[in-house]
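The two chains are supplied separately, each in an independent frame; assemble them into the complex guided by the hints.
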Amino acid sequence: MHELPVTQSILKIALQHAEKGNAKRITDLNIVMGELSSMVDDSIQFYWDIIAKDTIAEGATLHFRRVPAELQCMTCFHKYHPTDKELVCPQCGGVGAKIITGEEFALESIDVE
Amino acid sequence: MTQNIPIVENIMNANDRLAEENRARINAAGVFAINIMASPGAGKTSLIEQTLPRLKGKLRVATIDGDIATSIDSDRAAAAGAQAAVQINTGGDCHLDAVMLRGALEQLDLTQFDLLIVENVGNLVCPAGFKLGTHKSVLIASVPEGDDKPYKYPGMYRGVDALVINKVDLLPYINFRMDYFKQGVEVLNPGVTTFETSCRTGDGLDAWVDWLIQNAKRK
Ligand SMILES: Nc1nc2c(ncn2[C@@H]2O[C@H](COP(=O)(O)OP(=O)(O)O)[C@@H](O)[C@H]2O)c(=O)[nH]1
Ligand SMILES: [Mg+2]
Ligand SMILES: [Zn+2]
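Chains A and B, in that order, are what the protein sequence lines are. Its first residue numbered 1, the first sequence is counted upward by one per residue in our numbering. Its first residue numbered 1001, the second sequence is counted upward by one per residue in our numbering.
Calculated from the structure, these hints are not laboratory results. Treat the hints with caution; some may be incorrect.
To list a few chain A residues with every Cβ distance to chain B over 10 Å, as calculated [to be verified]: (1) 46; (2) 50; (3) 56; (4) 58; (5) 70.
Looking from chain A toward chain B, a few residues come up when the C-beta cut is under 10 Å (computed) [to be verified]: (6) 10; (7) 61; (8) 74; (9) 97; (10) 102.
We put the beta carbon where it would ideally sit given N, CA and C, even for glycine.
With the rest of the complex left out, here is chain B (with noise of 0.2 Å):
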């Protein structure tokens, strides 16, 4: 006899929850925490070193660095004057998920800081899907990568709390339809906060920073 049992649960549910933990953990600590996403080569570890002197004096800043095998993004924020750089060797996985970011909180005595940084495994499809715990996810978006991103991974635009449109700099060399980008961005994730920054000049970056200061002085 064949039965049928109706379910309807989340599958995410589990790492939901571990996210969970790991926010509580966060904010016991006082902590403000961001999960910075993006395809690889878009500007993620640049960022987080073009940041972290702008910060000194400011925040106390820890960042956790996934990647699929080396340890080189986290040497370089550690060398950008991160207080501690935690490396998170994922082995294969596209992303971070709520249980590798909680092994990576066990190393870090949290009271000590203002700020954690999170850079996740380069990839626009998967990150998405796996909260991790942190108050805000962070988008960046590069302008070689095309102005049809926000359509092509809809998912990954629709969940972020902050994007950055980074390496401005090479827009005059670049066929980046700005109004057409943002207009898919817009659809997706109505008013979310934009920050249109170059690396490479350091356009637009005092606007972000003190977007992570006043987020981090509110916890």
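Isolated chain A (complex conformation) (with noise of 0.2 Å):
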């Protein structure tokens, strides 16, 4: 359900950035989500479908790139993917990583005209 404040304010950004710019129109928004960061494109796109809807950013497509979750093992610094099983170090079975990637919820940029 937090993804209709989260759409808003997406929403906001792109046209505080189209108007700068001075667009007519967006056409495209690029979102970068980690794999870590709780949200879901789907309910994203449906809330934006409502939202964006006589807004100069009507009709434009949404495209989420997805970044995997990476962990960087303190103790002998290889770096590896987490499942939902294991977490701990797979080469040395250490603990305290460091989350390097997948945390991110950002808007990039978009495409206007």
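In structure tokens, the structure reads:
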């Protein structure tokens, strides 16, 4: 459910930048979404179709670039992808990893006319 | 002519900014505020109920309860001795956000309190992304939920400042591998302050209450 306020945020950011660039229409939005960000792109698309209506972003396509989670072991510095069963380092069994990617959730760019 | 405008703006910024305003308001009143998150039934309200009598005469406490529709939880908090209990009905939203917290803060004279306890909506996915402006996020994990929760909900375990493992009275009856659970936690959130509690027997509650008092004294 939380995707509604999130989608409103996306629209607001996009409209601000489009206005600054004197754009007539927003055709595409490029969103980066990390595996650990707890966002559901289907719901964003659903709300988008409703709230973008009657704005210059109506009908724009949302593109989601998904970023997989990557952890780095702070013991042996091995980089690995965690699973829903195992989080410890597969190489040395170490705990205390740093999250390198997977938490991002940002609007990267928009395409305008 | 199509043109690409680079932006790279964190989509959560609007909420984060409001959370900062909430934080400033809470700080100005000298209050220590926590945000309690957990799945439904983990024991959020029970922990609040057990905490309040133990703080009697030590800290003045206000609670804010987020619930999809009812006011049962804030009634329980008031009955347990909260000096003020505000209910936020989220109207279907699965988490609190900074706007909702701001609305609740406006109903309180914060200068009358030392500790503010926010009970978030029961949910292990969404609340993590929505900062409220509280000082510490607390996650309650209860033993019957299973030992694999850190692995399934890394985002939640990652962002919290304290972890309460509740319902430890049930450990003899449930196959809960504490080592496996803690190993997952340690990867995501090394060294996080952890309490093992039972709201049924009272085990571990003193350490939890001390932690609240120590933090509130610093404000
Ligand atoms: N055995 C046991 N049951 C508990 C404990 N803490 C809470 N409960 C029970 O768990 C259920 C849900 O508790 P509640 O506080 O309403 O959970 P909330 O949804 O997270 O607020 C209630 O039936 C409580 O009595 C505990 O430490 N041990
Ligand atoms: Mg409750
Ligand atoms: Zn390693």
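Here is what the structure says about each hint:
no.	hint	result
1	46	15 Å, holds
2	50	16 Å, holds
3	56	13 Å, holds
4	58	16 Å, holds
5	70	12 Å, holds
6	10	6 Å, holds
7	61	12 Å, violated
8	74	8 Å, holds
9	97	5 Å, holds
10	102	8 Å, holds
Consistency note: the structure conflicts with earlier hint 7 alone.
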